[in-house]
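J.: Please work from the sequences and hints to get the whole structure.
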Amino acid sequence: MITEAILTTTARLLSGASVRWVDSQPDTCQRVYFANHTSHLDVVLVWSALPQDVRRLTRPAAAKDYWSRGWIRPHIAKVYNAMLIDRKEIKVHQSPVDIMLREIGQTYSVIIFPEGGRSSGETVGDFKSGLYYLAKKRPDLELIPVYIDNMNRILPRGEFLPVPLLSSITFGPPLWLEAGETKNEFLERARNAVLKLRERER
Amino acid sequence: MTAIQLNWALAGTIVALLSVATVVGQLLARQPQLGLNPAAVNAFNGRLRAWWIICCLLSVAFLSRNLTILLFFLISFWALREFITLTPTRHGDHRALFWVFFLFTPLHYLLVWLNRYDIYSILIPVYGFLFIPLRIAIAGDTKRFLERVAKIQSGLLVCVYCLGFAPAILDLDPDNYAKCSRLLFFLVFMSLVSEALHFVWDRLYGRNVISPNINGTRTWEGMLGGAASAALVGMTYQLAFQPFNQLWHTALVSMLIAVMGFAGAMTMSAIKRDRGVKDFGTLVEGHGGVLDRIDAICFAAPVFYHVAKMLLVA
Chain U
2 MITEAILTTT
12 ARLLSGASVR
22 WVDSQPDTCQ
32 RVYFANHTSH
42 LDVVLVWSAL
52 PQDVRRLTRP
62 AAAKDYWSRG
72 WIRPHIAKVY
82 NAMLIDRKEI
92 KVHQSPVDIM
102 LREIGQTYSV
112 IIFPEGGRSS
122 GETVGDFKSG
132 LYYLAKKRPD
142 LELIPVYIDN
152 MNRILPRGEF
162 LPVPLLSSIT
172 FGPPLWLEAG
182 ETKNEFLERA
192 RNAVLKLRER
202 ER
Chain X
124 MTAIQLNWAL
134 AGTIVALLSV
144 ATVVGQLLAR
154 QPQLGLNPAA
164 VNAFNGRLRA
174 WWIICCLLSV
184 AFLSRNLTIL
194 LFFLISFWAL
204 REFITLTPTR
214 HGDHRALFWV
224 FFLFTPLHYL
234 LVWLNRYDIY
244 SILIPVYGFL
254 FIPLRIAIAG
264 DTKRFLERVA
274 KIQSGLLVCV
284 YCLGFAPAIL
294 DLDPDNYAKC
304 SRLLFFLVFM
314 SLVSEALHFV
324 WDRLYGRNVI
334 SPNINGTRTW
344 EGMLGGAASA
354 ALVGMTYQLA
364 FQPFNQLWHT
374 ALVSMLIAVM
384 GFAGAMTMSA
394 IKRDRGVKDF
404 GTLVEGHGGV
414 LDRIDAICFA
424 APVFYHVAKM
434 LLVA
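Order-wise, the sequence lines are chains U and X.
Numbering of the first sequence is given in our numbering, commencing with residue 2 and proceeding in unit increments.
Numbering of the second sequence is given in our numbering, commencing with residue 124 and proceeding in unit increments.
Some hints could be false.
Distance condition first, Cα-Cα at most 30 Å in a straight line; then the derived DSS-like pairs of lysine-lysine [said to hold, decoys possible]:
no., chain 1, residue 1, chain 2, residue 2
1, U, K184, U, K65
2, X, K432, X, K302
3, U, K197, X, K432
4, X, K274, X, K401
5, X, K401, U, K197
6, U, K197, X, K302
7, X, K395, U, K138
8, U, K129, U, K184
9, X, K395, X, K274
10, U, K138, U, K184
11, U, K129, U, K79
12, X, K401, X, K266
Keep in mind that the hints were calculated from the coordinates and are not lab data.
T.: Pasting the structure below:
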């Protein structure tokens, strides 16, 4: 509770994030927030950008190898109610998508970064297929594109000291898997939805 | 009147003036049949809200020197955030930026707090100036090197170094703090008033636009008329609160503030046009960023500081 308040406030002050909802509203219905990924703070930032009642029902998916190391990271992951996904060992019926679907049940929403890893922030990389399988197995989930701007300048890859520039987070309108849409078509459409929010930023 | 009574009189006058302006603004907003441009009325009311905030914040200057310096440090820090956010930087600038934000900015204000004019007047223009290109060179990215260095240097100079002279005014006369706090208030008050006067002159008598690429409403008539009427307002102010010893001193300083405020707004507009944005930030939705409100003060503060220093000694 206290850690949550401290972390949320720190993340907001540090990033100076302004939050925008474009053709979209915060809601407690089950959703998948998919965002571009450029820094370790992204998870914290998207999560803190949500209103409190929505935040309580939203679980970020985080990499197990990063978030289970040391003692502070697991603690933070616990505060965010994160689901730790092993991206190294993937077994049958234990694929990240299966784990996620099991963890969110019929109540939670999830934050994912479909690029798979952090990018340099110049462009948004190609999406991994997880988002497609999520959409296919649970067609009732609303898929919300999220664009995080400037985080790659605040804490770029390979740096550990942040520079306090101002970032912004934009939530876009929901999309769903269309009937007869192939995997590549769908992933390209999802990626373009994120990129479209980026153009709105400029 | 004693110094404390003068402070109260000044605070009362400011509150009264702002209240009158607010009432007028609200009346105008409710009288659409007058045929005034509703956008202009809205802009006026938005400005007024910003002025209320500035005056409330600045009232700490009458109470505490420490808090005033802290306040200006926070404003500088935020303005620098807005400035660098709008400026394209590369990964190679990251470490240099870290030192700019977490070493040079606090150190400058620490020295202002210690009243070490001899060090803080050269810390950023000399040592900061030399450090930034060195740190970027060590990072090894040569693309548009000079351009990136210059951008960070200008941000630091405008947002931190120039604005740092505003709280430094509090140390101009070590024996009379109340007088210094009124001088700081005079600077801020006159830059707000001259901003309004420029606006009025531009609208009423503006013919020759100075530079249509940068700002289509700024005219030579507005600049000269604004400066002249700022001198008149300053002279009225002199009769009541005597910031300087001579009437012509106050008139001269008022004109300088008006001209420098104009220069600040013009220069910052050029940067914003280049980046293709309307405002530097969105701290308060629809009111622009901090830097949009303080650009005039950033340019006026160092000039005011040095001229006031000379005039007070004379």
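J.: Could you tell me which of the hints above the structure violates, numbers in ascending order?
T.: Checked against the structure, the hints that fail are numbers 3, 6, 7, while the rest are satisfied.
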